[in-house]
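Undergrad: Sequence:
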Amino acid sequence: MDIDGHRPRRLRRLSQVWLDGGHPVYFLTICVDGRSPVLNNPVIHGRFLQFAEGSPERYGWTVLCYVLMPDHLHLFGRSMSMPTVTLGHWIKAMKAFVGNRELRWQPSFFDHALRSDESRSKKWEYIRQNPVRAGIVAKPEDWPYWGVDIG
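4 is the number that this note's numbering gives to position 4 of the sequence shown; each next residue is one higher, with no gaps.
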């Protein structure tokens, strides 16, 4: 509340956030520092999968789906009933786990709380089409660096 006893306007929108299992789903974009094209390789992909698979138990967060592009990562993340860390700390842990000497992440990330199942479907289709729009593959299925229901 502000000093006049009014709640900030943006908090009213939180009631419109779409919940999956009672918890908000976030659409996240995390970029490589300098937009270096280093993410599209099997080693980085394997490290990301290792992090995502252990994430529910270790951090209380789940990767619902993701697409690794050469210079950025899109994912949908959802907290579990009792997350042990905040969203920001979870992303920081992922960056530390997946990163190496060649891979340095931008310090920040972009997050958006999804507001409906329709919003989720549209965002997922958008990120699945990223490799096609970038001219890397002809069909989304041809891109090897994506997945759903991780962890």
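Be careful, since some hints might not be right.
What the hints assert, rightly or not - With beta-carbon atoms standing in for the labels, derived distance ranges:
hint, residue 1, residue 2, range
1, 149, 93, 19 to 29 angstroms
2, 42, 140, 17 to 27 angstroms
3, 81, 37, 33 to 43 angstroms
Keep in mind the hints are simulated off the structure, nothing from the lab.
Every value quoted in this text rests on a predicted model; they were computed, and no experiment measured them.
Heads up, the beta-carbon is just placed ideally off N, CA and C, and yes, glycines get one too.
Undergrad: Against each hint, give a clear statement of whether it holds in the structure.
TA: A quick look at each hint next to the structure:
Taking the beta carbon of each, residue 149 and residue 93 are about 20 angstroms apart, inside 19 to 29 angstroms as hinted. A hinted range of 17 to 27 angstroms holds for the C-beta pair residue 42 and residue 140, which are about 19 angstroms apart. One distance hint, 33 to 43 angstroms for the beta-carbon pair residue 81 and residue 37, holds here, with the actual separation near 38 angstroms.
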